[in-house]
Amino acid sequence: MAGTALGDEAGTARAEAVLSRLQLLVTRKLDGLLQGDYAGLLPGPGSEAGESREYRPGDDVRRMDWPVTARTTLPHVRRTVADRELETWMAIDLSASLDFGTALHLKRDLVLAAATAMAHLTVRGGNRIGAVVGTGSGAASKKRRRSAEPPPATPVVRLPARPGRKEAQGLLRAIAGTQIRPGRTDLGALIDMLNRPPRRRGVAVVISDFMAPVDGWSRPVRKLGVRHDVLAIEVVDPRELELPDVGVLTLADPETGELHEVQTSDAKLRHRYAEAAAEQRGAIAGALRAAGAAHLRLRTDTDWLLDIVRFVAAQRHARTRGTTR
430 MAGTALGDEA
440 GTARAEAVLS
450 RLQLLVTRKL
460 DGLLQGDYAG
470 LLPGPGSEAG
480 ESREYRPGDD
490 VRRMDWPVTA
500 RTTLPHVRRT
510 VADRELETWM
520 AIDLSASLDF
530 GTALHLKRDL
540 VLAAATAMAH
550 LTVRGGNRIG
560 AVVGTGSGAA
570 SKKRRRSAEP
580 PPATPVVRLP
590 ARPGRKEAQG
600 LLRAIAGTQI
610 RPGRTDLGAL
620 IDMLNRPPRR
630 RGVAVVISDF
640 MAPVDGWSRP
650 VRKLGVRHDV
660 LAIEVVDPRE
670 LELPDVGVLT
680 LADPETGELH
690 EVQTSDAKLR
700 HRYAEAAAEQ
710 RGAIAGALRA
720 AGAAHLRLRT
730 DTDWLLDIVR
740 FVAAQRHART
750 RGTTR
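Each residue of the sequence shown is one higher than the last, beginning at 430 in my numbering.
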């Protein structure tokens, strides 16, 4: 018991240290993207109607102001004002598969980094941010699976949406301190929790490695996209995409505890593995694209902060193209 307590304390201390470093990095790098008019997490022109102005080449014709156009005999477009008091909810997958990493970071650290960046980009002007966190089923061992005892329900931590930076920091600390349990989170059920209870239009962020079967979560993501702007952040380790040539490699499934010995010197096996991984990632990207979700992939072997900066800048450019603020 004492050893477990010490382990929990060490894990909490590490999470706090990682979070402090992430908040400093995110603040320094992302503040430059927030200069000027506020445009929300997924920067764009907003949906509240504003004043009209004359049409200019390149303007979005869907914003044509027909009454003014008819009255003045000159084409006009309706300017929009950024939505205020945005509500953002994050579905954060902390399955056992996220407690893994073979490069610069653990996948769990990238999940926390993504949540930190989203909180920093969101919490301004009275905006609220909340989260639901899935932590596995606790039913990983082969012994339990073979027994008649049914697996326990997936533990979910719900963190209510509140405004303010202090509250957002408390939310991030709660996420950082969440213990990963054995087993796999039901990602589809976790995403569905963002639809209950029904909320006004806002931003929904799903952070996961999306290793669960696509059929289990694709429909909830599509349903989420009907009402909200959806951002999917996929966390990937390079060893999930290809195997290195290191001879016999013993692999442990973090979600089931099963051990597998793999002969990585077999070039055909490595090729089949890479093909299967590429097919899996392609299916994930296709499902997210079909749901209309923005898709950001973060890798444990690259500069995740630069990837986020590039993504936010690209989103801002794409969503404000053809509009003048």
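Hint data in this document are derived by calculation from the structure and do not stem from the laboratory. None of the values given here were measured: they were computed from a predicted structure. Beta carbons are placed, not taken as given, at the ideal position from N, Cα and C, and that holds for glycine. Worth double-checking, as some hints may not be accurate.
Restraint ranges, calculated between C-beta atoms of paired labels, are given here [what the hints assert, rightly or not]:
1) 587 <-> 695: 31 to 37 Å
2) 608 <-> 693: 58 to 64 Å
3) 655 <-> 493: 33 to 39 Å
4) 670 <-> 719: 19 to 25 Å
5) 449 <-> 533: 15 to 21 Å
6) 698 <-> 630: 21 to 27 Å
7) 625 <-> 502: 21 to 27 Å
8) 487 <-> 718: 37 to 43 Å
9) 670 <-> 694: 17 to 23 Å
Verification of the hints:
1. Between residue 587 and residue 695 the beta carbon distance is about 46 Å. The supplied range of 31 to 37 Å is therefore violated.
2. For the pair residue 608 and residue 693, the beta carbons lie near 32 Å from each other, so the given range of 58 to 64 Å is not met.
3. In this structure the supplied range 33 to 39 Å is violated for residue 655 paired with residue 493, their Cβ-Cβ distance being about 25 Å.
4. Look at residue 670 against residue 719: about 22 Å separates their beta carbons, and that is inside 19 to 25 Å.
5. Taking 15 to 21 Å as the suggested C-beta distance range, the pair residue 449 and residue 533 conforms, at roughly 18 Å.
6. In this structure the hint that residue 698 and residue 630 lie 21 to 27 Å apart at CB is violated, the actual value being about 48 Å.
7. Evaluation of the 21 to 27 Å hint for residue 625 and residue 502 yields a failure: the beta carbon distance comes to about 50 Å.
8. Between residue 487 and residue 718 the beta carbons are some 25 Å apart, a value that contradicts the proposed interval 37 to 43 Å.
9. Here the CB-CB span from residue 670 to residue 694 is close to 18 Å, well matched to the stated 17 to 23 Å.
In the structure shown, a violation is registered for the earlier hints numbered 1, 2, 3, 6, 7 and 8, in ascending order.
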